[in-house]
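**Q** Between the sequences and the hints, there should be enough to build the whole structure, so can you do that?
Quick mapping for you: the protein sequence lines, in order, are chains A and B. Note that our numbering gives residue 3 to position 2 of the first sequence, counting from 1, and the numbers run on in steps of one. Note that our numbering gives residue 279 to position 278 of the second sequence, counting from 1, and the numbers run on in steps of one.
Source of the hints: derived by calculation from the structure; they are not laboratory data. A virtual CB, placed ideally from N, CA and C, is assigned to each residue, including glycine. Treat each hint with caution, since some may be false.
Calculated pairs, DMTMM-like style, for lysine to aspartate or glutamate (alpha carbon to alpha carbon, straight line, at most 20 Å) [as the list claims (entries may be wrong)]: (1) A:LYS426 / A:ASP334; (2) A:LYS53 / B:GLU55; (3) A:LYS127 / B:ASP362; (4) B:LYS52 / A:ASP63; (5) B:LYS92 / A:GLU104; (6) B:LYS439 / B:GLU428; (7) A:LYS192 / A:ASP249; (8) B:LYS92 / A:ASP99; (9) B:LYS53 / A:GLU55.
Just so you have them, the derived chain A footprint on chain B, three or more residues with Cβ under 8 Å [said to hold, decoys possible]: (10) 34-42; (11) 61-72; (12) 142-155.
Number of protein chains: 2
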Amino acid sequence: MRLSRFYLPVLKETPAEATIISHQLMLRAGMIRQQGAGIYAWLPLGFRVLKKIEQVVREEQDRAGAVELLMPTIQQADLWRESGRYDAYGKEMLRITDRHDREMLFGPTNEEMITEIFRAGVRSYKDLPKLLYHIQWKFRDEIRPRFGVMRGREFLMKDTYSFDIDKDEARRSYNRMFIAYLRTFARLGLKSIPMRADTGPIGGDLSHEFIVLADTGESEVFCDRDLLDMPAPDINVDFEGDLQSLVDQRTVHYAATDEMHDVEEFEQKVSSEKRVSARGIEVGHIFNFGTKYSKAMNAVVMGPDGKEVAAEMGSYGIGVSRLIGALIEAFHDEQGCKWPVAVAPFHVGIINLKAGDEAVDGACTDLWRQLESQNVEVIYDDTRSRAGEKFARMDLIGVPYQITVGPRGLKEGIVELKLRIDGSKQELSPEAAVNFIKEKIAEGLKVH
Amino acid sequence: MRLSRFYLPVLKETPAEATIISHQLMLRAGMIRQQGAGIYAWLPLGFRVLKKIEQVVREEQDRAGAVELLMPTIQQADLWRESGRYDAYGKEMLRITDRHDREMLFGPTNEEMITEIFRAGVRSYKDLPKLLYHIQWKFRDEIRPRFGVMRGREFLMKDTYSFDIDKDEARRSYNRMFIAYLRTFARLGLKSIPMRADTGPIGGDLSHEFIVLADTGESEVFCDRDLLDMPAPDINVDFEGDLQSLVDQRTVHYAATDEMHDVEEFEQKVSSEKRVSARGIEVGHIFNFGTKYSKAMNAVVMGPDGKEVAAEMGSYGIGVSRLIGALIEAFHDEQGCKWPVAVAPFHVGIINLKAGDEAVDGACTDLWRQLESQNVEVIYDDTRSRAGEKFARMDLIGVPYQITVGPRGLKEGIVELKLRIDGSKQELSPEAAVNFIKEKIAEGLKVH
Numbered sequence: 002m003r004l005s006r007f008y009l010p011v012l013k014e015t016p017a018e019a020t021i022i023s024h025q026l027m028l029r030a031g032m033i034r035q036q037g038a039g040i041y042a043w044l045p046l047g048f049r050v051l052k053k054i055e056q057v058v059r060e061e062q063d064r065a066g067a068v069e070l071l072m073p074t075i076q077q078a079d080l081w082r083e084s085g086r087y088d089a090y091g092k093e094m095l096r097i098t099d100r101h102d103r104e105m106l107f108g109p110t111n112e113e114m115i116t117e118i119f120r121a122g123v124r125s126y127k128d129l130p131k132l133l134y135h136i137q138w139k140f141r142d143e144i145r146p147r148f149g150v151m152r153g154r155e156f157l158m159k160d161t162y163s164f165d166i167d168k169d170e171a172r173r174s175y176n177r178m179f180i181a182y183l184r185t186f187a188r189l190g191l192k193s194i195p196m197r198a199d200t201g202p203i204g205g206d207l208s209h210e211f212i213v214l215a216d217t218g219e220s221e222v223f224c225d226r227d228l229l230d231m232p233a234p235d236i237n238v239d240f241e242g243d244l245q246s247l248v249d250q251r252t253v254h255y256a257a258t259d260e261m262h263d264v265e266e267f268e269q270k271v272s273s274e275k276r277v278s279a280r281g282i283e284v285g286h287i288f289n290f291g292t293k294y295s296k297a298m299n300a301v302v303m304g305p306d307g308k309e310v311a312a313e314m315g316s317y318g319i320g321v322s323r324l325i326g327a328l329i330e331a332f333h334d335e336q337g338c339k340w341p342v343a344v345a346p347f348h349v350g351i352i353n354l355k356a357g358d359e360a361v362d363g364a365c366t367d368l369w370r371q372l373e374s375q376n377v378e379v380i381y382d383d384t385r386s387r388a389g390e391k392f393a394r395m396d397l398i399g400v401p402y403q404i405t406v407g408p409r410g411l412k413e414g415i416v417e418l419k420l421r422i423d424g425s426k427q428e429l430s431p432e433a434a435v436n437f438i439k440e441k442i443a444e445g446l447k448v449h
Numbered sequence: 002m003r004l005s006r007f008y009l010p011v012l013k014e015t016p017a018e019a020t021i022i023s024h025q026l027m028l029r030a031g032m033i034r035q036q037g038a039g040i041y042a043w044l045p046l047g048f049r050v051l052k053k054i055e056q057v058v059r060e061e062q063d064r065a066g067a068v069e070l071l072m073p074t075i076q077q078a079d080l081w082r083e084s085g086r087y088d089a090y091g092k093e094m095l096r097i098t099d100r101h102d103r104e105m106l107f108g109p110t111n112e113e114m115i116t117e118i119f120r121a122g123v124r125s126y127k128d129l130p131k132l133l134y135h136i137q138w139k140f141r142d143e144i145r146p147r148f149g150v151m152r153g154r155e156f157l158m159k160d161t162y163s164f165d166i167d168k169d170e171a172r173r174s175y176n177r178m179f180i181a182y183l184r185t186f187a188r189l190g191l192k193s194i195p196m197r198a199d200t201g202p203i204g205g206d207l208s209h210e211f212i213v214l215a216d217t218g219e220s221e222v223f224c225d226r227d228l229l230d231m232p233a234p235d236i237n238v239d240f241e242g243d244l245q246s247l248v249d250q251r252t253v254h255y256a257a258t259d260e261m262h263d264v265e266e267f268e269q270k271v272s273s274e275k276r277v278s279a280r281g282i283e284v285g286h287i288f289n290f291g292t293k294y295s296k297a298m299n300a301v302v303m304g305p306d307g308k309e310v311a312a313e314m315g316s317y318g319i320g321v322s323r324l325i326g327a328l329i330e331a332f333h334d335e336q337g338c339k340w341p342v343a344v345a346p347f348h349v350g351i352i353n354l355k356a357g358d359e360a361v362d363g364a365c366t367d368l369w370r371q372l373e374s375q376n377v378e379v380i381y382d383d384t385r386s387r388a389g390e391k392f393a394r395m396d397l398i399g400v401p402y403q404i405t406v407g408p409r410g411l412k413e414g415i416v417e418l419k420l421r422i423d424g425s426k427q428e429l430s431p432e433a434a435v436n437f438i439k440e441k442i443a444e445g446l447k448v449h
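**A** Below, the structure is given as structure tokens:
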């Protein structure tokens, strides 16, 4: 992608309304533009990262056996009256009346609708389990939207719903998502810690929040340090098998958000040198809520004994658009974003130090073509900006590998390769740069 | 994908509310489920087709040089007051009031928002041209939604916006989209005809609708038969070059929707044996509307002469969710859908005639694994349904290649391969079936 064709409105100043670093950097790097309180347009740079996060989330859902569909954003009020939540939900629900005075709403979540879809098509225990998910924009009319995409009103959520014949099977579905979530966040480069959580208005008796530690996190969290050192299950994990021991290995350790925190238990179970108390960002939340919705909405299936039973359900959310904020909180420095390869908007930036010079233009274009033919994603700064501006912009947007091409080096057959991760630089031939990068990108994209 | 894990609620009866074949088949094949007037949930089968259409649309936009971003569904009323369309738009705009009594709306289109984004970041003619697009759900509160996804209220649209320094450059952007649209529909297997069109409330003086002929089309259309025989420009078309002659080759022929139809001109320009009068489905619409929005909203750039000029703009829409209806209208028979490989929800269906039989199960699983390892997308009917039901279901959902595996054939090392396109069947070894299919799928997915 030529930068001159791209749309990258970077800002020199930090907008005053942004109080946390991820919000500041998303605005400064031209990733988002506010279109109302808690409502953002995803500019091309931010959109690319969002899509990559979405794709990682999707792949791990598919791997865990969930099936994707897509529910509409607008829902009928009557559907929510069936569960009793239409009146209960309060002002966070964006209520809408259409031209025929029908009561509708912009979906804040989809338990009701998925239950309606399930009951319309599933009759027998033989069709279970069912794990269905979608990745769709939701709206919650937060009274005080803040922190950019971290607590927006219109936000992208992946929500999965499970339907099972009994509690044991429901637990298996729950475990699938538990493990899928650990893998998802790990692939994004984030260490997530599952914590006992309050089930809140969704209801149910089994629930975990997945928390990424960050100083700017909204919640105070407490856990055993051993959890921080535990790697996520690797690609060989068998989602058809029994995942209970993998889950138990984690849940045996103390980990709780402040709502669920029990000081006495914490001090009893965790030796003082292992006690972590920190701030965290909630990036996922999973619930098993039994038959709360299936009973209210008559979502029943025929059991093996010929009797109808209400399906055991769970729901499982990941804040896809919020994750981009969490990632920046985790990966940045004074100069800007530092994207891991797996979610970088571009893998490589090419900086042309003398746009208009035939030799330099030619060398840059060659590099660009060579890299793109290897499926490496390139942003090529072909503009006439000053060199300093080009360097600063490439660092701000956080491209992991940056190749600078200038007339002087080129005479000696040399370009400069900079690694955003540590700022290290090396001079090498264009071919050597391409080979080095190819390997690094392949490594960064490998799924473990 | 195992059918037992998938969610495919096929219907035996045709729902009474569906009057056209695409709507009937989408409901019967379990592709969509209505969630309100003109509002549909995309069930897993329909979702897969929708995603593939979206991806083809995206690839051709990218090829033509457009840059993707994503604007939110909810917009501020004040933005639309700037262009004067807030009051003018009428009841098709879904108006919303939030908890703080702010006036908002669910975007029916995005001229205003993209103009706001453009003016915030582009200052100079040097940054032009800009071609920006997004693929996002829109809402138009149609008084009488009908024909399923063909005229829904919540629908998926790809909309591109172009910004240029003058009319000549704007024409180049227009031509890019003109050619990209021909390629997009051709890749989907559809013959589209660009027709002179009324510009309607968007305004402007240059506009074409892209029409696919279908008996159930909403518009009456008139054109020269030569247009039907003209292939779309192939993959070697140079979007950076001059596309005018490619556009002229088409626009020189008479083609108009009924709103723009001129009987006298038609009869004068087209010899009687070449006059086509038919019904058509509008799948795309492109507009050049000059400075209508840029002037109203002060989206100006510095020209080469140092003077500020309002950007010349155009907008270019494709009805992504509507296309799935157009595709079914074009590709179906008595038994159901007949998907072209490029958009088929699955490439191959495997029908197990004796689920539970070790040998048959094993052979099916082998076939499935072999095909999936070649990136062939498989739906494996591992259920205990009767054979006739399995055959009918596979035809209904329209899987292009169907392999039936039964105990008798298997003893002789033979499976049956059926082609959905013509119903032809052949018996062959599983290896031969895999090889045959691999080649056909590669051919079907090749971009010309």
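**Q** Take the hints in turn and mark each one as holding or not.
**A** Against the structure, the hints:
1. The hinted pair formed by LYS426 of chain A and ASP334 of chain A meets the criterion: a straight-line CA distance of about 17 Å does not exceed 20 Å.
2. Between LYS53 of chain A and GLU55 of chain B the CA atoms are separated by roughly 16 Å; this keeps the pair inside 20 Å, and the hint holds.
3. A C-alpha spacing of about 18 Å is found between LYS127 of chain A and ASP362 of chain B, which places the hinted pair at or below 20 Å, so the restraint holds.
4. Our distance criterion of 20 Å between C-alpha atoms is met by LYS52 of chain B and ASP63 of chain A, whose separation comes to about 15 Å.
5. Of the pairs offered as hints, the one joining LYS92 of chain B and GLU104 of chain A holds, with about 16 Å between alpha carbons and a cut-off of 20 Å not exceeded.
6. The straight-line distance between the Cα atoms of LYS439 of chain B and GLU428 of chain B is roughly 17 Å, inside the 20 Å bound, and the hint therefore holds.
7. For the hint pairing LYS192 of chain A with ASP249 of chain A, the CA-to-CA distance comes to about 18 Å; that is within 20 Å, so the pair holds.
8. Of the supplied pair hints, the one linking LYS92 of chain B and ASP99 of chain A holds, its CA atoms being roughly 9 Å apart against a limit of 20 Å.
9. For the proposed pair LYS53 of chain B and GLU55 of chain A, the alpha carbon gap of about 16 Å is at most 20 Å, so the pair holds.
10. Residue count for the stretch 34-42 of chain B with a Cβ under 8 Å from a Cβ of chain A: 7. That meets the three needed, and the coverage hint holds.
11. Only residues whose C-beta sits within less than 8 Å of a C-beta in chain A count toward coverage, and the stretch 61-72 of chain B has 6 of them, enough to reach three; the restraint holds.
12. Remark: the stretch 142-155 of chain B is confirmed as covered by chain A, as 4 of its residues place a Cβ nearer than 8 Å to a Cβ of that chain, reaching the required three.
Taken one by one, the earlier hints all hold for this structure without exception.
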